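A.B. asks: Sequence:
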Amino acid sequence: SRMESRRMSVHFANGDVYTGCCVICEGGEKRHGLGTYEYSAGTHETYKQYRGQWREDQKHGYGVLFYRNGGVYVGQWEKN
1056 SRMESRRMSV
1066 HFANGDVYTG
1076 CCVICEGGEK
1086 RHGLGTYEYS
1096 AGTHETYKQY
1106 RGQWREDQKH
1116 GYGVLFYRNG
1126 GVYVGQWEKN
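Per our numbering, residue 1056 is the first one in the sequence shown, and the count goes up by one each step.
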């Protein structure tokens, strides 16, 4: 069964928002490919945004993580 890929915006119950590529599989959508994840200020004190590559719902590949205090982490992610 071939996975179908599409760009979409997913809103989570905690206020987080993911915008980017997803694959549609039997279990629903998975974040997969290039995407931006906005962390809700109400539930995440440290993280602000992750922009980069995803693989099967996890941060995987090259990505940039922005912190609320202005810090930035740039690098490779492994199934995070």
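No lab work stands behind these hints: they were computed from the structure.
Just so we're clear, the structure is a prediction, and the values are computed from it rather than from any experiment.
Incorrect hints may appear among the rest.
To be verified - Here are the simulated DSS-like cross-link-like pairs (lysine-lysine), alpha carbons at most 27 Å apart as the crow flies: (1) Lys1103 x Lys1134; (2) Lys1114 x Lys1134; (3) Lys1103 x Lys1085; (4) Lys1085 x Lys1134; (5) Lys1114 x Lys1085; (6) Lys1103 x Lys1114.
A.B. asks: May I ask which of the numbered hints given earlier this structure violates, with the numbers listed in increasing order?
C.D. replies: none
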